[in-house]
Every structure is written in structure tokens, then in C-alpha cells.
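Asker: In order, the protein sequences belong to chains A and B.
Going left to right, the first sequence walks through residues 1 to 223 as the working numbering numbers them.
Going left to right, the second sequence walks through residues 1 to 241 as the working numbering numbers them.
Because the hints were derived from the structure by calculation, they are not lab data.
Predicted model only: the values in this text are computed from it and were never measured.
Don't take each hint at face value.
To be verified - Here are some chain B residues pointing at chain A (derived, C-beta under 7 Å):
no.: 1; residue: Lys40
no.: 2; residue: Leu78
no.: 3; residue: Ile90
no.: 4; residue: Gly92
no.: 5; residue: Ile106
no.: 6; residue: Glu109
no.: 7; residue: Val111
no.: 8; residue: Glu115
no.: 9; residue: Ala240
As the list claims (entries may be wrong) - Here are the simulated distance ranges between beta carbons:
no.: 10; chain 1: A; residue 1: Ala163; chain 2: B; residue 2: Glu74; range: 54 to 64 Å
no.: 11; chain 1: A; residue 1: Glu139; chain 2: B; residue 2: Asn68; range: 39 to 49 Å
no.: 12; chain 1: B; residue 1: Ile227; chain 2: A; residue 2: Glu216; range: 28 to 38 Å
Stated by the list, open to error - Computed footprint of chain A on chain B, listed as stretches where at least three residues anywhere in the stretch have a Cβ under 8 Å from a Cβ of chain A:
no.: 13; region: 62-74
no.: 14; region: 95-101
Note that the Cβ used here is the ideal one computed from N, Cα and C, for glycine as well.
The lines below spell out each chain.
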Amino acid sequence: MNNIVIDREEFCLEDFDGEVKINVKKLILIIKGHVVIKEWIKNNELDLMINMEENSSLEYNRFGLENSDNKIIINQNSNSRVIFKESLLVDNDSKLKIKNNILGNNNISEIIVRAVSKEDSRLVVDAILDVLENTFGNEVKEDLRGLEQENSKITIIPDMLVASSEVMANHNVTIGSISKEDLFYLCSKGLTFDNAKKLLEVGFLTSIYEDIEMQEKIKEIIK
Amino acid sequence: MLQIKNLTASVERKKIINGLDLEINDSEIHVLMGPNGVGKSTICKILLKDENYTISSGVIIFNGTKINDLNTTEVARLGIYLVNQNPIGIEGVTNAEMLRTALSDITGERVGIFEFNKKLENICKELDIPKEFIHREINVGMSGGERKKNELMHLWMLEPKFIILDELDSGLDVDALKVVSESINKYYEKFKPSILIITHHNKILEYIKPHKVHVLKDGKIIKSGDITLAKEIENSGFTAF
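Isolated chain B, as found in the complex (with noise of 0.2 Å):
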């Protein structure tokens, strides 16, 4: 599904990332772990194209295509959806507004709004938000647990087919991190989307299951393995690598 070969990236003027290789499959749950300032939400703004980034040398291949040259809505319209550490807010937009535009400029058709409503109802109930939320500017006044709820129901809307959990535990208490990686797991059985979960301690590893775990350090990976990894690191930390 995503294949990234000898990337090399920088933000202004400054190398982030240094010769990364990372291929991840079809319906696979990697991590990417590393100490704070490594590059790590660094992918992140480079696999959703943000213009502040970028890519010197290297290839990123999504399904097939080369996303090196896309724009950030054309990444999107592959199927690849970020889940922010900290989303913004946008004043004046409403989640429905954003969500029906997308829909639309994504398919091309007009979105019949009974069945986009109903779903948006089905979504808050299952992720215990009030379906006013529908109709709330998007993330205004909404505490860091309901920002990320907030986020997964567009995922739900949107249906992507690979998600980047950027940090997903900061801002979550114990329960709002269960009932968001409740959500995650069940759109994982429903849908089998790649997820790259990207953290720098294993808490939110209890609930959502890796198939890979990476270490990333000077902008590269530097060990990989399974889920033993993530329990090396818990015990001897990054200094250890």
C-alpha cells in the first residue's frame, strides 16, 4: 500500500528526514516510535503534501501511485487521512458543511442529505458525542478529547483507506483513549485500512495492536520489529538505540 524509498525532507532549509524506507501493506498496523524532535510528525506533513515541506530526494508510492508531485487534496482523494495531534479549529465551519463539500468534491455527486445525516447520527451515538456536534463549528470549543472524536467522525464520513494516528493518546484521558481506540479498531474490522500509529510511549499499544514497530532517530529508521520492540523501549528508552 505505501512504500517510502530513501526519502529525504526538510522545513525550512533544515533536513528532518535523512534516507527513510518504510513499506507498509495492505490492512497493516505499524508504529513509528522515537523521542520528541525526530522527524515524526514530520511524515506526517509529508505524506499529506503540506507545502512547508520538502522532499529533496526519494519516492513515497501510494497504491501504485507516485504522490511525490501531488497536492495535499489530491493525497487526500487517494485515501489518506491524518489524524492530527492537536486539530485545529476552524471558526465558521460546521462539520456538516465540511463534511458534505468533501464528500462531494471527492465523488463528484450532489450528497443526498436524509443519508447523510443518518449516518452522521450512527457515527456520534457510536462515539458517545451529542449529534449536535454535527452542526458545531469544526473543533471550536471543544476540549482535546472531543477535538480527536471530533476527527474520527470525519474519518468514519470519509472512509479512508490509510490513517495516520499522529500522537493519538496527547490530550486523552484514560476513558476518551479507549472509546477512541474502540473506534479505531472497529473501522480496522470493517474496512482493514493500513494505519501507521506514530507515538513516543506504547499506552495507546495496550489498545490498538501493531503488526511492526519502528524506532525513528536522525531522520531515518534505525530498528524495526514487532511488538517485543515497543516493550524493549518501554524498559531501556530511546538512549538505548
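With the rest of the complex left out, here is chain A (with noise of 0.2 Å):
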């Protein structure tokens, strides 16, 4: 396995005409302090394990495009702070696996997903909580939502092992299409159908994030 500790602010991982290429196939991150992560993804394969040391946070900004099969496992001990936010714009085949162990106390998570699937693609998402006994004061959260266009199909699983009676975990699941109303509503302000559609789509990936950069980066690249 190949091991980054990072311990600077911000931190951009991308494939595209990033900071750091990712050449591996395998890789550990491991958390100090307060950390921001960027990465833009493309037909990637990805075995990613990320290690939060005690007193350490995360927010982790991750973009996928076109086909991908990424493995995701992130460990918190105890005092860290996760908030893992992945879009996905896929059009063939994808697997996004994220799995987070909760593994001592007084942690807090958030797993967002936003997928939008397109032409014959299937998509599988799976998001495991995994909340270990005798922990105390963890607050793990889950929300992922898919957007099917065409004929494509996404799969959506969402796992709570909770084993701690000492947790407040909650989980939002939806997969859906575009909403014909917005499509009307943005169609009456003269916009194509197939650029009203465009822009949902990309709202849609993109309103999870709160850093613009991030939003226009990922926007830049669907055009």
C-alpha cells in the first residue's frame, strides 16, 4: 500500500491536469489536524483507505466522471470529524463502494452522494455505516441520492451496523428523474429542453458542495 499523511490545509487530488496524479491502485491517507480534500476522478479505479487520527477533520470533495470502481474505507477513532461529499456523473458500468468505520467515540460523519446515471449504465452505490459496540457519542449520517436518465439504473445501499445504543445515526436514500415541473418552470423561461435539462443535472451534482471552486471546476468539466 502506498501511505500520504497529510497535515496541510488543503489538499487537491485530481486526473485531469491536477496537483497529484494518483498512479496507484492502492492508497492510505492518513488524517492530521484539519483537512481539506479536492479530487476530480475520471475512468478510475481506486482502492482508497483514509485513517482520521484523534482530534483531526475532514472534508473530503470528490468528483467522478464517465465509468469508475472506486473502494472507499475510512476509519475515525475518536474526536475526528468526516464529511465526505462525492457527485458522480457516470455513463457506463460504475461501483462506488464507501464504507466508514466508527471505531471509538465521539465522532461525527456525513457520507453525501449524488450520482446522475446516464445511456444504459448501472450504477451501484454501496455505503456502509459500521458503528462499533461500547462506543459512545458518535453522530453518523447518510444521504445519497440518484438520478436516472435514459435507460440507465442506479442502485442504491445504504447499510447502518449500528451495534452502540449510544449513537444518533440517520440515513436519506432517493433515486429518481429529473422533476418535470423544474424542467417546465426553466422550459417557460425560454431555455431548450435539452439545456434546462443540462443545467438540473449539473445543479443537481453540484449543490452538495459549498466551495464555488469545487462547483465550477465540476461544471467546467461537463461541458
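Put the two chains together into one complex, using the hints given.
Answerer: Here is the structure:
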């Protein structure tokens, strides 16, 4: 395994024209302090393990394009905070597996995924939250949404394995298509049907990020 | 400008509009009044060609073009604009993005960012809304009054020729109604559009003065007149018709 210790405030991983190119299929990130990671991936296959050190926090903003097969394991010991956001636009069969292990106490974890599937693609999102027995003070949340376009299909599997009784855990999963009401609204302003659809897709994918740069970069990539 | 002849239309196989005739000339302001559930808002959806509504007979002609078979985009591009009763919020799409795309789609030309922003900032000032609205998601997290002002911001940018105001006063307090009505009146003075006001009470008519008033019942217009008709409705209610 390749290990990278990240202790700086902002870190970019990307395989478009990026700061750090990921040429490995397996990677371990060890997070110390307060870290923001931005990542843009394309046709990517990666096994990523993130180990959160005590009192660390991570905001991981990730965007994936085309087809990918990613497995991500996030281990949280104690007093850590993880906000993991991934949006995916796929037109080929893809898989995303995220496993968040809550091993200690007083952790916060939020896993947010937005996926748009196109053409005949099949996307499977498997999100597992595993809270160990005898842990306490943890807050875990999954918010997973998919938008199926054309003949594509999305399967989202939210797994919450909670062995502790002193935990606040919730999940929200929705899969659907673009709202006809939203399309009507945008077309009534003079947008073509295709451009209205495109705006709604991009909006769906970018709305989870507070980082404007991240939003703009995704819009640019999709264009 | 707009002619509706013997229009019959339905939603989910339920006939809502039944033999409607209406003619609105250039720069005329008309009011369509009626109690809840008589099909007032249905007319908006039909004019904007919402695909949930079906025209079974009759014709709608706008500036010489029959719009029965056009889609929503094509109708909007002719210059018909709807200010909805409850404007929906669109997550992830900002006002600026939508307006830039709309203007570019309508004109077929790239929109100059500098002029675009300058115009939008002036409109925000006129409407008494912060210029941050420009880059906010459409109607998301906005109050009823803010949503209506946001819709007027779109209107000033898109410069339509025919405006439908569906229950403009719903969700607005007195001050917001005044600002919104003043903006409509200014737009009318500048561009002289035709306006169709849809309402069930005449509070809004204190601010926007119509040329003609119509009463809608059972899917058709049963009486037309001038502003005195609206006063008659206020005094005796819709049951008198």
C-alpha cells in the first residue's frame, strides 16, 4: 500500500490536469489536523483507505466522471469529523463502495453522494456505516441520492450497522428522474429542453459543495 | 396580441376549460377573476403549454402564430411569460446561470458578462433585493415576497411581450405587493406589454389598473366589463354571477 500523510490544510488530487496524479490503485491517507481534499477523477479504479487521527477533521470533496470502480474505507478513532461528499456522472457501468468504520467515541460523520447515470449504464452505490459496540457520542449520517437518465439504472444500498446504543444515526436515500415541474419552469423562461435538463443535472451534482471553485471546476469538466 | 377562440382543455381527463373566448390587444391589461377552482391557473398552464394539460378544441393565436402545437420553450420565445403563484425552487441552479443560458438560447448569441451583470445589479436595486440574489439558487431558501421579486428580476432580464400574473398578491405583505406592483407598472411604462392578471380578489387592482375585467365560471368567461365589474364582485361576491 502507498501511504500519504496529509497535515496541510488543503490538498488536491486529480487526474485531469492536477496537482497530484494518482497512478496507484491502492492508497492510504492518514489525516492529521484539519484537512480539505478536493479530487476530480475520471475512469478511475482505486482502493482508498483514510485513517483519521484523533482530533482531526476532513472535508473530502470528490467528483467522478464516466466509469469508475472505487472502494473507500474511512476509519475514525475518536474525536474526529468527516464530511465526505462525492458526486458522480457516469455513462458506463460503475461502482462506488464507501465503508465508514466508527471505531471510537465522539466522532461526526456525514456521507453525501449525488449520482447521475446516463445511457445504458448501471451504477451501484454501496454505503456502509459501521459503528462498533461500546462506543458513544457518535453522530453518523448518510444522504444518498441518484438521478436516472435515459435507460440507466442506479442501485443504492444504505447499510447501517450500529452495535452501540449511544449513537445518533440516520440515512436518507432517494432515486428518481429529473422533475417535470423543474423542466417546465426552466423551459417557460425560454431554455431549450436539452439545456434545461443539463442545468438541472449539473445543479444536482454541484449543490452539495459549498466550495465555489469545486462547483465551477465540475461545471467546466462537464461542459 | 392574444386570441383564444372556443378553447376546451382538460387535465387528467377532467375538462376544466369549456368554450373559453378571450382577446387581449397590444398593451392592454386584462383581469380574469373567479373563485378558487374554476380554472384560472389552468389557463396559465395551457398558455405556457404544460404537457399535463390537453387542448381538445379551439385555437390560441399569439401575434399571428397559432400556439396550439408549440412546446413550452417555443411559446416562451414568442414572448409569453408567467409569474407563477408559487414559484418553485431549483436546487443547484443559480439565477445567473439560468438567465445566461436562457438569453443565449433565445438570441443564439453569447451573453456579454459585463453588460449582463451590470443590468442584473440595476434590476436588483430597483426591486430592493440584494445583488447577492444574482448568484443564489433560483428561489431556494427565499420567502414568498423574495420569490416574487426574484421572478420579476427574470422578467426584466428576459423582456417578454405578454405577462401572465397568476395570483401575484398571494404570499405578499402590503409593502412587498407595493414594490412588486410598482415594478410591473414601470415595466409596463417602458415596454408596453399586454398583461393578464389572474386573481380571486381585487387587492392587486389598487396598484395595477386594468383596461378590462372578466369573470370566469364553469371554464368560460361569463361576463366582461371595466374596473366597475371588479368593484361589483367585491361588493356582491362571485355567487351573484
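Asker: None of the hints should be skipped; say for each whether it holds.
Answerer: Verification of the supplied hints:
1. Lys40: violated, 17 Å
2. Leu78: At 10 Å from the nearest chain A Cβ, B:Leu78 fails the 7 Å test, so the hint is violated.
3. Ile90: holds, 6 Å
4. Gly92: At about 3 Å, which falls below the 7 Å cut-off, the nearest Cβ of chain A leaves the hint on B:Gly92 intact, so it holds.
5. Ile106: Check passed: Cβ of B:Ile106 comes within 5 Å of chain A, closer than 7 Å.
6. Glu109: Hint on B:Glu109: violated, closest Cβ of chain A at ~13 Å, above 7 Å.
7. Val111: violated, 13 Å
8. Glu115: At about 18 Å, which exceeds the 7 Å cut-off, the nearest Cβ of chain A leaves the hint on B:Glu115 violated.
9. Ala240: Because about 35 Å separates B:Ala240 from the closest Cβ in chain A, which is outside the 7 Å limit, the hint is violated.
10. A:Ala163 to B:Glu74: 54 to 64 Å: holds, 59 Å
11. A:Glu139 to B:Asn68: 39 to 49 Å: Between A:Glu139 and B:Asn68, where Cβ atoms are some 56 Å apart, the hint is violated.
12. B:Ile227 to A:Glu216: 28 to 38 Å: violated, 51 Å
13. 62-74: It holds: at least three residues are needed, and the region 62-74 of chain B offers 3 whose Cβ sits within less than 8 Å of chain A.
14. 95-101: n = 4 at 8 Å, threshold three: holds.
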